[in-house]
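Trainee: Residue strings, one per chain:
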Amino acid sequence: MSSTVKSSGNVNQLGLAMADYKGARSTLCAGCGHDAISSQISRTFFEMGVNPYRVAKMSGIGCSSKTPAYFLGRSHGFNSVHGRMPSVATGAVVANRNLICLGVSGDGDTASIGLGQFCHMLRRNIPMVYVLENNGVYGLTKGQFSATSEMGARLRGGAVNDLPAIDICKLAIEMGCSYVARSFAADPRQVVPLLKGALSHNGTAVIDILSPCVTFNDHDESSRSYSWGKEHEELLHQIDFIPHFEQLPEIDYAEGEMQQVELHDGSVIQLRKVEKDYDPTNNAHAFKMLRETREAHEFLTGLIYIDPSASSFIDRLNLVDDPLALLDEKQLRPGPEVLDQLMEEFM
Amino acid sequence: MSIVKEQTPAPTADGSEVGEIVNEFSIQVATVNGSGSQSANNVLMRAIFHMGVPVSGKNLFPSNIAGLPTWFTIRASAKGFIGRKKEIDILVAMNRQTVRQDVESVEPGGIVLYEEKLKASQFRDDLIYFPIPFSALAREIVEDSRLRKLVTNMVYVGSLAEVLGIPMAQVRRGIEDWFKKKPKAVQLNVRAAELGSEYVAENFQRDSRFRLRQMDKTKGKIIIDGNSASAMGCLFAGVSVLTWYPITPSSSMAETLASYLNRFRIDPETGKATYAVVQAEDELAAIGMTLGAGWAGARAMTTTSGPGISLMAEFAGFGYFAEIPCVIFDVQRVGPSTGLPTRTSQGDIFSLYFLSHGDTRHLVLLPANMTECFDMAWQAFDLAEEFQQPVFVASDLDLGMNNWMADPFEYPQGKLNRGKVLDKEELERIGEFARYKDIEGDGIPCRTLPGTEHPLAAYFTRGSGHDESAAYTESPEAYTRLMDRLSRKHETAKTRIPQPVVELPQGAEIGVIAFGSTHWAIEESLLQLKREYATELGYLRVRALPLTGHVKEFVERYDRVYVVEQNRDGQLAGLIRMEIPENAGRILKILHYDGLPIDARFVTDQIADAEGLEKE
Numbered sequence: 041m042s043s044t045v046k047s048s049g050n051v052n053q054l055g056l057a058m059a060d061y062k063g064a065r066s067t068l069c070a071g072c073g074h075d076a077i078s079s080q081i082s083r084t085f086f087e088m089g090v091n092p093y094r095v096a097k098m099s100g101i102g103c104s105s106k107t108p109a110y111f112l113g114r115s116h117g118f119n120s121v122h123g124r125m126p127s128v129a130t131g132a133v134v135a136n137r138n139l140i141c142l143g144v145s146g147d148g149d150t151a152s153i154g155l156g157q158f159c160h161m162l163r164r165n166i167p168m169v170y171v172l173e174n175n176g177v178y179g180l181t182k183g184q185f186s187a188t189s190e191m192g193a194r195l196r197g198g199a200v201n202d203l204p205a206i207d208i209c210k211l212a213i214e215m216g217c218s219y220v221a222r223s224f225a226a227d228p229r230q231v232v233p234l235l236k237g238a239l240s241h242n243g244t245a246v247i248d249i250l251s252p253c254v255t256f257n258d259h260d261e262s263s264r265s266y267s268w269g270k271e272h273e274e275l276l277h278q279i280d281f282i283p284h285f286e287q288l289p290e291i292d293y294a295e296g297e298m299q300q301v302e303l304h305d306g307s308v309i310q311l312r313k314v315e316k317d318y319d320p321t322n323n324a325h326a327f328k329m330l331r332e333t334r335e336a337h338e339f340l341t342g343l344i345y346i347d348p349s350a351s352s353f354i355d356r357l358n359l360v361d362d363p364l365a366l367l368d369e370k371q372l373r374p375g376p377e378v379l380d381q382l383m384e385e386f387m
Numbered sequence: 048m049s050i051v052k053e054q055t056p057a058p059t060a061d062g063s064e065v066g067e068i069v070n071e072f073s074i075q076v077a078t079v080n081g082s083g084s085q086s087a088n089n090v091l092m093r094a095i096f097h098m099g100v101p102v103s104g105k106n107l108f109p110s111n112i113a114g115l116p117t118w119f120t121i122r123a124s125a126k127g128f129i130g131r132k133k134e135i136d137i138l139v140a141m142n143r144q145t146v147r148q149d150v151e152s153v154e155p156g157g158i159v160l161y162e163e164k165l166k167a168s169q170f171r172d173d174l175i176y177f178p179i180p181f182s183a184l185a186r187e188i189v190e191d192s193r194l195r196k197l198v199t200n201m202v203y204v205g206s207l208a209e210v211l212g213i214p215m216a217q218v219r220r221g222i223e224d225w226f227k228k229k230p231k232a233v234q235l236n237v238r239a240a241e242l243g244s245e246y247v248a249e250n251f252q253r254d255s256r257f258r259l260r261q262m263d264k265t266k267g268k269i270i271i272d273g274n275s276a277s278a279m280g281c282l283f284a285g286v287s288v289l290t291w292y293p294i295t296p297s298s299s300m301a302e303t304l305a306s307y308l309n310r311f312r313i314d315p316e317t318g319k320a321t322y323a324v325v326q327a328e329d330e331l332a333a334i335g336m337t338l339g340a341g342w343a344g345a346r347a348m349t350t351t352s353g354p355g356i357s358l359m360a361e362f363a364g365f366g367y368f369a370e371i372p373c374v375i376f377d378v379q380r381v382g383p384s385t386g387l388p389t390r391t392s393q394g395d396i397f398s399l400y401f402l403s404h405g406d407t408r409h410l411v412l413l414p415a416n417m418t419e420c421f422d423m424a425w426q427a428f429d430l431a432e433e434f435q436q437p438v439f440v441a442s443d444l445d446l447g448m449n450n451w452m453a454d455p456f457e458y459p460q461g462k463l464n465r466g467k468v469l470d471k472e473e474l475e476r477i478g479e480f481a482r483y484k485d486i487e488g489d490g491i492p493c494r495t496l497p498g499t500e501h502p503l504a505a506y507f508t509r510g511s512g513h514d515e516s517a518a519y520t521e522s523p524e525a526y527t528r529l530m531d532r533l534s535r536k537h538e539t540a541k542t543r544i545p546q547p548v549v550e551l552p553q554g555a556e557i558g559v560i561a562f563g564s565t566h567w568a569i570e571e572s573l574l575q576l577k578r579e580y581a582t583e584l585g586y587l588r589v590r591a592l593p594l595t596g597h598v599k600e601f602v603e604r605y606d607r608v609y610v611v612e613q614n615r616d617g618q619l620a621g622l623i624r625m626e627i628p629e630n631a632g633r634i635l636k637i638l639h640y641d642g643l644p645i646d647a648r649f650v651t652d653q654i655a656d657a658e659g660l661e662k663e
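Same order as they appear, the protein sequences are chains Z and P.
Taking our numbering, the leading residue of the first sequence gets 41, the next gets one more, and so forth.
Taking our numbering, the leading residue of the second sequence gets 48, the next gets one more, and so forth.
Hints may contain errors.
Taking lysine-lysine pairs in the BS3-like style, the calculated list, with each CA pair at most 30 Å apart, reads [what the hints assert, rightly or not]: (1) Z:Lys-370 x P:Lys-268; (2) P:Lys-264 x Z:Lys-370; (3) Z:Lys-62 x P:Lys-467; (4) P:Lys-467 x Z:Lys-370; (5) Z:Lys-370 x P:Lys-471; (6) P:Lys-227 x P:Lys-264.
No lab work stands behind these hints: they were computed from the structure.
Make a model of the complete structure from these sequences and hints.
Mentor: Structure, rendered in structure tokens:
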């Protein structure tokens, strides 16, 4: 971990270099989709000029949940217990509302053991970026199906999944999530703007990223493989992210070709039409699109649903501006007169 | 007003004169759950309290909203005994389902006030009966049948006041206290109590054996339940994050604390909260949130009972291993499983001390009275942050939900102890930071909070094996070092937790050890043993886990030591035997585990029997 600020070369507005956003060396398998996502996370935070000290990296258990050690080495991390990162993240952001919370989870961690906490995190709209590194398989326990595996999917060893998949994006919309996206670990041009948009969003931003497991689930017929992802990817739109600290580019698009969504912090997401007409602020439309593409075995990627006006859990708690964790004794412990008053009530 | 006069049977079985019993008896009110008797019973208890007579109130209620039998026991004790008294001297019988069993439970010569339709006097002829048409009297002042059910209860308060000699002014005061902001309710209930009182005055000549007379033993005292006392302790601990999931008998602690926070922790300038209360989706999430908040630097807590403790086991181990402060209140109820959800127990001692897989030992505070429910609540937060680990406070349903008399609480001494937290300036000054390094030899490392703006501040919290720098490792040496340091920290904690309270009377040859709410039965039993058997016992009350050297010293003093507790397996006795195996043979168990609070007579009988004591 470098503590020196690069004074020349490629630095961001804080004067920090890309290296300052990296973490320890990964111990995952070579070619793992998760490592690609870690790189995109480092790049996103570097380009957004996020102060790493403000970031809390949260995870559960599994291959995906190990990755927060491999990016943002200057940020505090919390590798919690299986499926329960959302509750820990909730406590952390409630205690310190200034933290920028980034959760990384896997499909077992989110869709099986953690399904309950995932849903309640969304219901509360906890302000955090929630990256789901989705490979349809349990890696650390050497290759069992997860709840996001397609029905009929086959593992390399021949086992067949006979249960239907849970569609995390559909579930997220149903649970009231106000930022739902899907992407592909091999598509950094899409992952990065989606991550940036997520960072600018007020509430839980879920990005479900197909992240192939090269060891247990990357064979050609697997719907969680690199090759399948490349062949079946259906882009909803081309995404550009313009951060609040930059000017909007002046480019003319034909009517209906481009949609702009202004985010909570003033940043803007520009969505350029590819083939279909699609409005990601329309909840019902998003739901329909997810269902149809799943039935057609298409791998739909992009910003699926967004409600930029959503209020977060922190807004609803009516907290003081200072983080609760940093309040001093005078703010925390009422004076003796309060105890006297209470004693009087019990006499 | 139409009044039915009825003759009551002979006062006692043998018809002899009986002396007056003043300010030393128990009253049991038997009603139906959901009938609104809570107000009446509280008014009655407070009226006695306002007469200066020490009093306690215990609610024995079913896990049910309405329809099942429920009992409220009030004990008046001039001597100041406020534990449970099993013997019932005075019965108010209002429940047809249980009237026979209720009448059978009264001590010979006791008195029974009953709804006259229940014909309670048919069951025994050695009691004094007061048949009273409570519901008919209530009908005279209330039309509405639902409201009448509630008011009926206040009629028996008035009748009982007349029988026992509670001045109507005290009843009125009790009613005014209870229905503070509802003048109409005050008026109606006062009228109901007067009706009950007048009926007794007009229809029954005989004085009862039991009298209440004005004393001055409650002056300056409070009457409070343990959950409120603990909630207050948390308020003055400066708690800033409360996460909880509703479960009897702990819910009222969280709800009361939330109301205190709302009253006293709103910033007057901005109108914004200096706290957060989160009702979680389950106990797994409640403790997860608490740990997340504690990790981020807040004073964080959760409240629960047995089933919640079971669910929290994995995170509790995480908190111990990754060293994260938080406070967990366990208001114990009867287990295992759902058990008896509305009955009391001390059955979570093993669970709490070792909660988690792997080698784990927690700090557990064991309050026995209202003052300790308050004090240990704020002390728990100091200990949690000082030792960077979850701290459990284990009360029980009897302490938590019943009413106890106490001296007013004292404002916490000293400043909040926030533990070894390095901020930006200290990191700059020291120039290095390793999260799990034992610098001072006490086993307690330094921590930083997320958000600390210094390149040295960050570390990676994990439940997996880690070295001094918090880096992942499976090294056998690093793991052993870590576990040994955690043991060292546990040893340090022994010097900082509440120490046992010890009484060593001259000439005592046997000892007794107890903790928590069992204390009240022990205190009274020790006097019974002295008075009835001329036997004195040493007494040690454990106030926290881990056990300290005091327990060993105490056990070594005596040939036999009885460990009295409210569980089947003798959990504290087991821990003591484990800690001092050389003296394990001296440890004997007295166990009470039927879900009702332990009482003094039970302890006295058990010890007298085991020791072969002869009455004086």
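Trainee: Any hints this thing doesn't respect? Which numbers, in order?
Mentor: Violated hint: only 2; rest satisfied.
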